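Numbering (the numbering used here), first residue to last: 1 to 290.
In short, the hints are calculated from the structure, not lab data.
Keep in mind the model is a prediction, meaning the values are calculated, not measured.
In silico EDC-like links for lysine to aspartate or glutamate, alpha-carbon gap of 20 Å or less: (1) K18 / E219; (2) K95 / D140; (3) K105 / E239; (4) K214 / D166; (5) K26 / D166; (6) K288 / D261; (7) K105 / D140; (8) K212 / D166; (9) K26 / D211; (10) K55 / D15; (11) K55 / D166; (12) K188 / E115; (13) K268 / D236; (14) K188 / E272; (15) K268 / E247; (16) K258 / E247; (17) K105 / D77; (18) K214 / D19; (19) K290 / D261; (20) K55 / D211; (21) K105 / E132; (22) K188 / E239; (23) K290 / E262.
Okay, the calculated beta carbon distance ranges per label pair: (24) E115 / P271: 20 to 30 Å; (25) L21 / E247: 40 to 50 Å; (26) D31 / L253: 32 to 42 Å; (27) K26 / L269: 48 to 58 Å.
Even for Gly, the Cβ is constructed at its ideal location relative to N, Cα and C.
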Amino acid sequence: MYLKSGVSLETSYKDILKDILESGSKREARDTSSLELSPFVWTTTYPLRNVLTNKTRNINHAYAIIEFLWIMAGRTDIEMLAPYNSNMIQFSRNKLSLTGAYGPKINQQLRYVVETLKCDEGSRQAVISIWERRPSLDQDVPCTLSLQFLRSMLGLDLIVTMRSNDVWLGFPYDVFTFTMIQSFVAHKLNLGVGRYMHQAASGHLYLNNVDKAKLISDEVDTKFGEIFETPCIMSDDLEQTMLIEQELRRAYLSGEAKKLDEILESAKLVPEPWSGWLNIIKNHLQRKLK
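Take these sequences, add in the hints, and give me the full structure.
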């Protein structure tokens, strides 16, 4: 069993890659080879230190934000994701939607989770189930099984359980998405954000990413002062943020770079982190139009 605790995603990521490079077992699955830590568990008491800024990994922060919004809105379409990550279409059989999208199930069960913990503070039943029995042979099979929310002395804890997690491609984005869902639910319950546990039957690194992972594992440790902490969600401005993002995306698709700045004026009406996210989204779309 692999168990790693850390004060942030940034400081833990290098160690995780180093450990999987040194101790991972080779596994062959679906005609691909990977190094694997099984089971893989990462925990933190600082869930909102959830942004990986490592330049070698070069996370697409705009896409991380869009994926969170897309999931929270219960969407399955490729249309919203494509301007931020054109590679997502390869995971869709019909090139229009993702059959294994988490959004509909998370969106449908969020109210249940909130009401359960409001009615019974000690409940162990506040669980969102994502996996389906006997899923289709579609290439887009959910990697996440469940999200369990628990009240604790620290606030609202979240335990995420996955069948499989690519530590290079998926893990940094998954941590951001799930910890922001944790913050959203904590806001609904008037709680602070507590502990976060991320567990997967398989935490793996595909061999085609080994050389890049080695570059990070050999880097000098990240200084504490460089760690980015996302503000807590203190308001439910999801709908307004989605409307502004839609306007930004339409302006981008029309090639109207100047209009992006005009639209962003609306973002001043919403607080952090929503307004900051919209600014990151706007900057990403402007760069693509240059």
